[in-house]
Each structure stands twice: as C-alpha cells, then as structure tokens.
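> Top line first, the protein sequences correspond to chains G and L. For what it's worth, my numbering labels the leading residue of the first sequence as 1, then goes sequentially. For what it's worth, my numbering labels the leading residue of the second sequence as 438, then goes sequentially.
Please keep in mind that the hints were generated in silico from the structure rather than gathered at the bench. Treat the hints with care, as some may be off.
[Stated by the list, open to error] For each label pair, taking beta carbons as the anchor points, the in silico distance ranges come out as: (1) Gly-497(L) x Glu-242(G): 17 to 25 Å; (2) Gly-573(L) x Asp-238(G): 22 to 30 Å; (3) Asp-263(G) x Gly-663(L): 48 to 56 Å; (4) Leu-517(L) x Asp-114(G): 33 to 41 Å.
Given the structure is predicted, the values throughout are model-derived calculations rather than measurements. Glycine included, every Cβ here is placed at the ideal spot set by N, Cα and C.
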Amino acid sequence: MRRERGIVPRFLILLAVFALVAAACSSSDDTTTTAAAAAATTTTAAEAATTTTSESSSEPIVVGGSLALTGFLAPTAAIHKVAGDLFVETLNESGGLLGRPVVWEPLDDESVPDQAAAIYERVISEDGVDLIMGPYGTGTITAAMAVAEREGFVYPHHTASLTYVYTYACHFPTWPTGIETNITNPNLVYDALEESGNPPETIAFVMNEFPGTQYIGYGPPGSDAGGAISEAEKRGWDVVAEINFPTGTSDWAPIAAEIAAADPDFIYVGAIGVDGTNLLVALDAIGYVPRGHFYQWPAPGPLLGAPNSEGAFSVTTFEPHSPFTDAAEPAAISEAFSTAAAAAGIPYTAFEAQASVSWAAWQVLIAGVEGAGSLDQQEICDWLINNEVETIIGTIDFDPAQQNYYGDLTKIKQIQNGQFVVVSPSEFAAPGAEPQL
Amino acid sequence: MDVDLLAQAAVSGLLIGGLYATMAMGISLSWGALKIINLAHFTFILLGAYLTYQLTTTFGIDPFLMIVVVFPLFFVAGALLQVFFEWAKVDEFRSLLISFGLFIIFTSLVRTVWTADFRRISSEDNPYASASIFIGGVALQVPLIAAFIAAVVIAVGTSLALSHTHFGRAVRAVVQDAEMARAFGIDPRRVAVILSGLATAYSGLAGVFIAMFQVLSPTMTFAWFGIVFSVVILGGLGSPYGALGAGIIVGVVAGVASVVWGPLSAPLVTFLLLIAALLFRPSGLFRRSPA
Chain G
1 MRRERGIVPR FLILLAVFAL VAAACSSSDD TTTTAAAAAA TTTTAAEAAT TTTSESSSEP
61 IVVGGSLALT GFLAPTAAIH KVAGDLFVET LNESGGLLGR PVVWEPLDDE SVPDQAAAIY
121 ERVISEDGVD LIMGPYGTGT ITAAMAVAER EGFVYPHHTA SLTYVYTYAC HFPTWPTGIE
181 TNITNPNLVY DALEESGNPP ETIAFVMNEF PGTQYIGYGP PGSDAGGAIS EAEKRGWDVV
241 AEINFPTGTS DWAPIAAEIA AADPDFIYVG AIGVDGTNLL VALDAIGYVP RGHFYQWPAP
301 GPLLGAPNSE GAFSVTTFEP HSPFTDAAEP AAISEAFSTA AAAAGIPYTA FEAQASVSWA
361 AWQVLIAGVE GAGSLDQQEI CDWLINNEVE TIIGTIDFDP AQQNYYGDLT KIKQIQNGQF
421 VVVSPSEFAA PGAEPQL
Chain L
438 MDVDLLAQAA VSGLLIGGLY ATMAMGISLS WGALKIINLA HFTFILLGAY LTYQLTTTFG
498 IDPFLMIVVV FPLFFVAGAL LQVFFEWAKV DEFRSLLISF GLFIIFTSLV RTVWTADFRR
558 ISSEDNPYAS ASIFIGGVAL QVPLIAAFIA AVVIAVGTSL ALSHTHFGRA VRAVVQDAEM
618 ARAFGIDPRR VAVILSGLAT AYSGLAGVFI AMFQVLSPTM TFAWFGIVFS VVILGGLGSP
678 YGALGAGIIV GVVAGVASVV WGPLSAPLVT FLLLIAALLF RPSGLFRRSP A
C-alpha cells in the first residue's frame, strides 16, 4: 500500500526518545532522581523532599530504594509512596534523624524483581546511600533482599508474604503475619467466624496462583504443613470447591458458575487486588449472593463498591476507627495520610493495612538508627534484634529464632454498613462491632 | 460434570468471545489490510475504557451512550494516526516499533491522568455491571451481550462493506497493488486513513464495554496481548468474520476448560489450540476476507 522511499531513522529515533522521556517523566508526580543526585545537591534535595527542614544544614541522610511506580503493582505501591513521603516529611519537621534531614527518592522498579535487585545494587554500591527501605511486593522485596544481605545493609520491608523464605539476619519485616502465616492467618479468620456464633459447615476456596496466596492456602511448597484448606478441614468444615486461578484472570464467569454450583456457606478467596471485586460482579451477574466470604489482600476501595460486598471479611493491621485512633498520634497520622492520599489522586484514602505496615517499616528503620546512635548497619541490626519497637501496628519484638518474625498481629475486618470495621480480636474491634455471618 | 455449569461456562465464553473479537478486529484490519501491526490499539482500548469511566462518573452519562461519543472520536484519532504513519513512511516492521512507542506514551498518559490506582464506575452510574438476562438457568451478562452484538454488527458490516461497496473494492485493490490502484484513480492514502479510523474506532468501542464490567488499571493492557493476538492470528489477518469466529472459539474453549480442568488450564488449552490450528491452517482457521 505504501512504497518505502528510504529509511527515515531520524523520525524513529525522535519518536523512540520521546517515548522514553515521556514514560520516564510521567512515571511519578515526584521527581525520581537518583539517590546520588539527591545526596549531591544536599540542601536543594532536602528542601525538595520536605516541607520544612531542620535548621541544621548538615548533609542529609539518604535512604535508597525502589517502589513499583509503574507496572501491575503500581496501584498499591502508590499508597506506600504517599505513606513514605509523609513519614519522611513528618520526621524532618521534627528534627530529622540524628539531627540530619532525611531524603528518600525511590526509583521505579516497574514491578519487576530483577529491576528491583539492580536498583538496590546501584543505590548501595554506586550511589552510596546511608540506609535502604524495601520496595513493595513479595517478588521485588525478595529479589532486593539478596542484595541487602550481600551488601550487609539493614533491610526493613513491609509487604513480603513468603515469610518462610527469608533467612537474612538483618531483615526486619513489618508484614506482621508471623513465620507460620499459612496456619495463623486462616485460623484468625476461622476464629472470627466461630465468634459469629454461626460458623460455616461448607466452605469453598478460590485461590490466586500468586505464591503468597498459594502459601496461605497450601503451606510452603514441598511441605505437609498445610494451610487454609487443611485448617478448615480440621474444624470439620466440608470443602466443597477448590479453585485455583491465574493472576490477571479477566473472565470470572466460569469461576462464578462453579461457586454457585457448589453453593458453599463460606467462600475463602485468596485474592489480591481486584480479584474479589471481579468475582463479586461475576457472581452477581449470575444471580448468586454469597452467604459468607473472605478476601485475603483486596484493593479495599473497589471491594467496598462491589455488589453484595456487605459482610465481606478481610485482614488488616490498622483501621481508622477506635481503638486504633484513640491516641492522638495515630489519629493525626491517619488524617494526614488521608489528606496526602487525596492530594495524590488515590481514590481510597483510608489509612489502613498497606499504609500502616509501610509506616511501621519506617518506624522500625528510624528506631534502629536512633537506638544505635549511628548509621552503622551492624549496630542498627543488633539494636533491632535486641530491642522492641513500638509501631503503629503494635509492639514488634524481632525474634531471630523465628527468622525475625514475631507472631501474627493480623486483625480481621468486615464490611458492615458499607465500611470496613475490625471485628476480631475483640480488643481491637470497633465499638459494638462483632463478626456477622 | 454439572450440565448447567457447562452451559453457563459455554454461554459466558461465547459472549466474552464477542468482546475478544471486538478488541481484535481493529488490529486484524490494521495488520491485514494496512500492513501495520499497531500495538497502540491496546491503549486505544484502554483510553476508550478510561474515557467511558471519566465521562460516566463526572457527568452521569449512561455508559451505553458513550458508544456514540467514543466511536467518532476514536475514528478521528485513528485517521490522524494513519496520516502520521503515511507521513513517516512506516512499513510493517517499523510499525511494530513505532506503535510500541505510542503504546508506552499513551499508557503513561493514562497513568499520569488517572494514577496507577484502580478505577471502577460506581454502581449508581453503571447499573449494567452485573445486570444479566436469564435464559433457562443460564445468565447472560448485559455488557457482554452488548459486546457480542457489537462484534457481530462490526464483522457483518465490515465484511459487507469490503465486498459490496466502492470503498471495499478500493481497499481490496489497494491491498493487492497500491500503485495500480492509484493508476485507476484510487487514493491509497485516503483508503488507509479511513480504514485506520474504523480500526481504531472498533478498539475504542471495546474499551466502552470493558469499562462497564471490569475494574480499570493502566497495566490491564498486558493481560490482553495474548488473547487478542490469538484471536487475530487464529481468525486470519484482515478477516472480520475470522476475528468473530476466532473470538468465539477462544472464549468458549477457555470458559469450558476453566470448569472442566480448572481456570489455570484455560490459557494452556487456548494456546495449544492456537498452535494446533496454525499447524494445519497457517493463514488462520477462517478464510481471509477479500481485503
């Protein structure tokens, strides 16, 4: 149809360059400069990263790392970006760390584990950052942890779900599900169902093939420890369906049809992101209303707006209601986060699970540095191993005997009257809230 | 195996196959007739979805009415894109590179405007998300019915246009020999511009239907690549009926496989079918259209 009259590489080159520049510039509203550049322009970087800096003009402490600013993890990573930025801003307003302002400019790992590892290698060995903060997501955290271990850096992280995998002595997780997530987490859910006074007799499992949800469902690969499914059977509940689906499933109709055919009392969905929302839409489309349902790690905003989501259970570490917000500080943090999230254009602005574990990771890092009184990685590590840290998700006492895990601090929440409220354990439940099934 | 379950899976697969066909139609036409492998079509689908989300959410426009907004708008966009391709003298291979660059640019644009977070039209603004028509015990989801009907209309309309109209004869002439067609007074560039406009409009239309029943995120395009290219290749390049037939086959096979062997088997079965079909019919299962 067209005759090529000669190669026009200039246009192709221009277009390619434009594409790269546009992609790079639009990946984040914040400037994603390298950590070295941020450190080099000390005063400028400090001013750019904070609203008010300490009166000291000393060189800032640079925290390096990455986040999934683009890619399939970006929707949730955006929450961690807001939480991290707010934490650093708050820290600097109160005098910084060791009397010095803190700079954190995460680079974009594009949700790719290899990319994350390369970034951490670079920021540590080339840019010479003082500290590091883990990225978002199991894959990227796992990949970067190997670099942290090789370089001997303290590695706080907030969202790695394969707890049994991590053996690095100086990794400090604030994903508080414990070393036996596959056992403790489902049982917290099941305890809540028992507390309702109307526990299920039949249960169906719909599990994303994502390693974290598979771990919860079945236990570590090659292990007979079991998980959510076997724990349900131990309680005498009849497993009427067991459906595993690929990550990124777009056609939920067959899965919905299979659930409707099985008609369980309770559906345990090993969901990430919008799996739960899509499933509820598909169930509603075939006229099926689940009697009880649970979603492991959902995007809360879309789930709240999904049809028949009332009564859905999930897990959390913090919710913006009493007793979590009884104290002034967490209440202020919660409100500040909501404001910052709204400004960042995030639709669901509640300070809940993801934001709280992110905040806790920063609290751990800062506590370690302040406790050690220095930026020496081994001293920070030793301090954290030997001391408790008070965080927004609770008191954390890293136990080397449990690969630095410390038990399961998960709470169970439920959608009641269109809002997520914690219902179990009772000491953390919203006033008057109980599990309803 | 529950017969009702199989029936539901097959019917749902049939309807979502219509959506796959609508998504693939634009690329099939572009690749088959224009010799342009336009990866930007995926972002046109995405843009169609986000535009539907935004206008519906902001102005309360019925999502179905977005069809009359998106179709002409994206026709113009596609026409302008082809003007650019003509001006840059883009051939088949370079179209892959350039359109990939456009794909990156447009995806970044979506992320910049709407952030990386999930977006979903509220139930108040979109009563169709899980609305269904029941025939026997089988549910037919309204957005997917609409997508299926659209796919049939597009396939029939495009095929008839290509075979029974002057424009269609012009397209076929240009595809066979552009210079000879030009000698007979046909302007290949004008033909290409119109065809590109149509192809892009089809992609935008697919986005409207997707916004009606799915949660949107800028990275959702990556999940479409395998399915859409399977439909395009299985149906035969440039064949509207081929895209429709292939979409239905892919949808039904994936749906039935999901309930028979589990959802994890669906991609495996679908791509095995693709490989097997191409071994015996390299040009696609269905005859290519006259274009």
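> A range of 17 to 25 Å was offered for this pair. Does it hold for the Cβ distance of Gly-497(L) and Glu-242(G)?
With Cβ atoms ~42 Å apart, the hint is violated.
> Do Leu-517(L) and Asp-114(G) keep their Cβ atoms within the hinted range of 33 to 41 Å?
Since Leu-517(L) and Asp-114(G) have Cβ atoms about 38 Å apart, the given range 33 to 41 Å holds.
> Holds or violated: 22 to 30 Å for the Cβ distance of Gly-573(L) and Asp-238(G)?
holds (29 Å)
> For the pair Asp-263(G) and Gly-663(L), does the Cβ-Cβ distance stay inside 48 to 56 Å?
Violated, since Asp-263(G) and Gly-663(L) (Cβ atoms, about 33 Å apart) do not stay within the stated range.
The structure does not agree with the numbered hints 1, 3 stated previously, though it agrees with the rest.
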